[in-house]
Amino acid sequence: MLVLKNKATNSLLRSEKKSLLRFLTLYVAMVIFMLIMLALFYYQGQEKLMFAQQRITLTKYADIQTKKLKELHHYFDEKVDYPRDTRFKSAIYDIEYVPIFSLLENTPERFDTEMYITQNKKQIHFVKTLDEYYLGTKYLIIEISDDSVWRSHIWKNIIVYGFMLFFLFILFGLYLAKLFLKPMRDSILLLDRFIKDTTHELNTPLSAILANIEMMDTSVMVEKNKKKLNRINIAAKTVSTLYKDLTYLTLEQEKKNQDSDVCIKELIENRVEYFDILAKSKKITFILNLEESTLFIDKRKLLRVVDNLLSNAIKYNNRGGEIRIVLKKHILAVSDTGIGIDEEDIPFMFDRYMRFNQSEGGFGVGLSIVKKIIDEYNIKIEVESTKGKGTKMVLKW
Amino acid sequence: MVKKLVVFLVLTLELFSDDIYTRNCIECHKYLPTTLQQMFKEYLQTYSGEENVKAGLKHYLKYPSKSISVMSKLFIDSYGIKKRSHLSDKELDDAIKIYWEKFKVFGKLK
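Protein sequence lines, in the order shown, are assigned to chains A and B.
Here the first sequence is numbered in the working numbering, starting from 261 and rising by one per residue.
Here the second sequence is numbered in the working numbering, starting from 333 and rising by one per residue.
Keep in mind that a hint or two might mislead.
[Unchecked claim] Simulated crosslink set (BS3-like; lysine-lysine; CA at most 30 Å straight-line): (1) A/K330 to B/K442; (2) B/K422 to A/K330; (3) B/K405 to A/K328.
Read the hints as simulated data drawn from the structure, not as lab findings.
Chain A on its own, in the form it takes in the complex (with noise of 0.2 Å):
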């Protein structure tokens, strides 16, 4: 399926990226428990490697021992020196792993194990068990410095190609990722190249409808006929508020930001006059506490956030409810008395065709467009809802 991307659809909805984010979550920890477990699986079997390379040369020391071993109980307590070799060190345990003599120097931590690494990984224990318990000996230990330079190199090995795998595996997650989210994408994609065509058609009939209306005059008018061109009026703008948010989200958006310092009370004056004949055909009235405060923004941008901001408080308003509007040198309120959403909705209110309510119409672009325009500008935004009660949104610069 063939269809055009603009910046828009480029960047990552806020469920998409919560899709990705438990996706690759679960997949990281995965792949970290995979590479974990192999590193102690090839750990434990090199291990073992160098267990089984010593374990020719510290089974020819036991029996060196043994035989000595043998020979003392002989001679006991004629001779009473311990035999010793300067290739190892040795002690003899009976079979209640009381010790007889010990020349060792790390305590034996297991019996039950022919060979073991010290806990302070310097020491190799062999444990040879005794047939004939010569002087009551039971358990031989034979006691050789391990010099390490095996688990170095086992480490090494570790750190190197676990790095490598994990940098696979991770490239790996993320076309996996790219590819479930494929659908997804192209959805919007389609959606995106079906809302760019049509709202190019609506351009010539939509400005014609609304010169004309202005042009009309309705002093000569019959109150039948004025009540008529009011609803077309109302049906217009709000046609026409849809379609310039279309056209931002498909072409404006991507045009040079014209930045100048903006008076906020004068547009926002100017947008509640537009929007008022909407608002009163819902019965609604504004309350406005205007301060003077200007903004260093691209204007056609600033009039799609107080635009929309104004839109929806109408649209998702009672029928006789208010519209508080508030302002400040850095800060802009607007709270409605409409039905409110869930809070657990709120993160995903900003996410493109999202509507929480389908009474309403609309394409659920507007809010997507506010959230871009205000990141764009380092403007944070608080919502505050409760269902049944209102909606505030504070913009705060």
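Chain A is already provided as a structure; the job is to place chain B on it using the hints.
Same frame as chain A, now just chain B:
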């Protein structure tokens, strides 16, 4: 008469001044060609630990038999096995303890 009485008393005192091990073990073993030290090593070689040796020895003293003797077949065939001890458990334990302390390897190796 007085002289005879004195000699009798001296001998009696000497007899009871020895410990239970000396009175009951050495007395018989001194007539055997193998030393008690050698026999101790046989016990060590068979039973290894202190508790094991003591238990094995006590059992043999109470129930002597060819099958559980630590001595070689040649020795048994030549000298037979000992008679069953009539000492009490406590006396046996005391005698064995003295025997263990006398010949144990612990602390003797250098």
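Query raised in the report: What hint numbers does the structure not satisfy?
Result: 2
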